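K.L.:
So the chains spell out like this:
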Amino acid sequence: MSTPTLTKEAPQPVAEPVLRKPSARKRLVPYWLLLPGIIWLLVFFALPLVYQASTSVQTGSLEQGFQVTWHFQTYWDAFTEYWPQFVRSLLYAGTATLLCLLLGYPLAYLIAFKAGRWRNLLLVLVIAPFFTSFLIRTLAWKTILADDSLVVDVLNALHVLDVTSWLGWTEGERVLATPMAVVCGLTYNFLPFMILPLYTSLERIDGRLHEAAQDLYATPATTFRKVTFPLSMPGVVSGTLLTFIPASGDYVNAELLGSTDTKMVGNVIQSQFLRVLDYPTAAALSFILMAIVLVMVTVYIRRAGTEDLV
Amino acid sequence: MRWLRKNLVVIAGLLTLAYMILPNIVVMVFSFNKPNGRFNYSWQRFSLDAWKDPCGVADMCESLSLSLQLAAWSTVGALVLGTMIAFALVRYRFRARGAINSLIFLPMAMPEVVMAASLLTLFLNMGIELGFWTVLIAHIMFCLSFVVTAVKARVMSMDPRLEEAARDLYAGPVQTFLRVTLPIAAPGIAAGALLAFALSFDDFIITNFNAGSTVTFPMFVWGSAQRGTPVQINVIGTAMFVLAVLMVVAGQIITNRRKKTATA
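Chains as they are written, first to last, in our numbering: chain A, 119 to 428; chain B, -13 to 250.
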């Protein structure tokens, strides 16, 4: 199974097609190939965004109908009312992404360099959980983190919960319905999206580079810092993006594992759209989220400096 | 201590793996539970009831079959549209290539809830009734980018001279495509198909916004988290997991055999 990496060009050398003299008909071939799919994306991805933009500057009510009044105030009102949820979303998604990187890197490294004949089995074990519906798996965390569960007892005995409670991540002897439960669920849900791109970029590294580093008297730690990690940067970048972006808009974990104090912006958008039916506010919220994510992603890609990203 | 330091990566990696597998084990164990009350979150006693009667819950298997159909059609749709785009992008140089690349990248770089909400505003404004078709449209839309990425990766590493050779041997364009191009691109297309199927089958957020009163399997599970979770959900989850592992193992055996016969 190939991985959903965001890298654009594979490094393999590609022999350019030998170009014959293109006839007018032949020159149109790529456009005919593109047409159906691109129309689909334009109509069902781009056009909806336009509709949403228009909805966000409408006023009115469900009974009397909505009119475009260029009421930009909605954006400000939505932001001032729901900024805690925005902050929380970015905080939770950021923490989960960091945890995914810390947890996922050793496993990706293990599979790429140390697994030997176990490599395929480990890859299967990384992908296989995908096939149990992620909602069912998220619900299983309710059992794992329940108040009298083994995990919570152990954490309590080790006084971990004292520390986390002091930090405000948990409450007393509870883990479920606290920020820690939500971050735990987010980390769990998006780990494969971190591991697979990491694995692909690690696997491409030439083993001889490690030998060369050793020959030059580099310690394993130096080898990792100077050779392995920089070369795995494309995987780190696409992995963090594939984790952070969906996590920032997720509302499933916050709903199933959290409480009213852990609501993320996704929860607000969902309830405004499907329950409160305040479409302008919901549209404005979802545009603010989109803008924040796009800006952060752009800055991040610039900083990380991987040229082979879109 | 030295042993620990030497094997630190292995231990950390295996711990992560345990973290990833743990919920699956819990799902499996709790499929044999006989819960006290509506919620299957705490262990009571062993029972095979749910396994004997997996469809014994109202509407669950209907939602499951609906999800399977949706996933199948979304896969077909995304695969056809996506493979065409992938070939056009890799094989041809034309204007607007950059713009098209961004258009394909954007759906993957956007929080799902944003796409879900914007698609809903489109359907509401157009007065389109929500249901099977709106969900199908949405699923094809978000699976498309992933299929393009998977197929592109494969087609890019493909040597175009093979097709040149086929043409030099007087194969027609259709023959070249069916006998040369398609078989070589097949692993990429298969990976795209698997990805699309899994993504569509498992999608909750976009479906939740655009399904109206249609209930897919993830939506059924979501609803059951509020109303009470039947043990049968764990049975389905376990069966899916086991089936997937068996499929991969079978695929592995087949490829190994092929490799052996190829080298023999």
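Rather than coming from a laboratory, the hints here were simulated on the basis of the structure. Check before you lean on any hint, since a few could be wrong.
What the hints assert, rightly or not - Simulated coverage check for chain A against chain B, where a stretch passes if three residues somewhere in it have a Cβ under 8 Å from a Cβ of chain B:
#1 195 to 202
#2 394 to 408
To be verified - Ranges of calculated distance between the beta carbons of each label pair, as one might list FRET restraints:
#3 B:29 with A:291: 32 to 38 Å
#4 B:82 with A:183: 34 to 40 Å
#5 B:199 with A:278: 27 to 33 Å
#6 A:420 with B:168: 37 to 43 Å
#7 A:336 with B:58: 50 to 56 Å
#8 B:34 with A:149: 16 to 22 Å
#9 A:144 with B:156: 17 to 23 Å
#10 B:58 with A:154: 15 to 21 Å
#11 B:-4 with A:332: 37 to 43 Å
#12 B:0 with A:177: 18 to 24 Å
#13 B:29 with A:157: 50 to 56 Å
#14 B:88 with A:291: 31 to 37 Å
#15 A:278 with B:62: 32 to 38 Å
These figures come from a predicted structure and were not determined experimentally. The C-beta atom is built at its ideal place from N, Cα and C for all residues, glycine as well.
K.L.:
Which constraints among the numbered hints does this structure fail? Numbers only, ascending.
P.N.:
1, 3, 5, 8, 11, 12, 14, 15
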